[in-house]
Amino acid sequence: MRTAMRLASVTALLFYCSTATARLSEQHRLQQIQSPVTGDVRYRVPGNNNATFGATPLKDQLFDIQFLDVTPMPIVSDELYYMYLFGLFWPDHSSNPTQADLDNATLSFTFSIIYADGSQDVGSPYTIPLRTTLINRFQHMGIRNEDGLPTDRMSLGVYGENDIVADGWIYKQYVVSGNWTMRFDARIPDGRCLFDFSMTQWVDGDLQHHHHGIRADWFRENFGGEL
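Using this note's numbering, read the sequence shown as starting at -3 and increasing by one per residue.
Please note that the accuracy of each hint is not assured.
[What the hints assert, rightly or not] Below, a list of computed lysine to any residue pairs in the SDA-like style, where the Cα atoms sit at most 25 angstroms apart:
1) Lys168 <-> Tyr111
2) Lys168 <-> Asn141
3) Lys55 <-> Thr123
4) Lys55 <-> Arg149
5) Lys55 <-> Arg179
6) Lys55 <-> Cys189
Think of the hints as simulated: they come from the structure by calculation, not from any bench.
Throw the hints in and build the complete structure from the sequences for me.
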């Protein structure tokens, strides 16, 4: 009996600590940084990254990001990189999506580049289902639920916790050096935002020239995917 009570007490304490730690991240999100490219002031995404939340107001982002870890940081061309995003849907939020919403959610990537000569390229959004998927041979995305088990889609569960993990490779031979801004915008079918953030990093490339306008074949060459 005493053993059971102690176990229950420890479990409750661990839950309280994890919840308190999660809520502390809301204070971290109040930290503001200025974009080195646009000069805009944005809220910083917690974790090992230089990401900032996007144009969608934080109060309108349904998935509460607790941290984003990127390694290596910064990303290095011709080296494998990993991204680990952890967050949750707060159980007491009335605006939470339904499971049907999550089953049909999408993730859009938008890339823009400022080259060393000051010229710019801005790509159109590339949208895929927000699900565990093999994007191509060297690009993968996986989702895990609050029990750490792999799932096909994000889920509400009991505590609303989800992990999104991804790995990838930027082919140095196909890119021109420059400041890359990568935006990630996840939405459910009614248009509401799950999360919206971006990060800007210098990427080295072997190409010495570029064509204005990021085309479908540009994405295919760099990421092995299709627009």
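Hint by hint, work out which the structure violates, then give me just those numbers in ascending order. As far as the earlier hints go, only 2 is violated by this structure.
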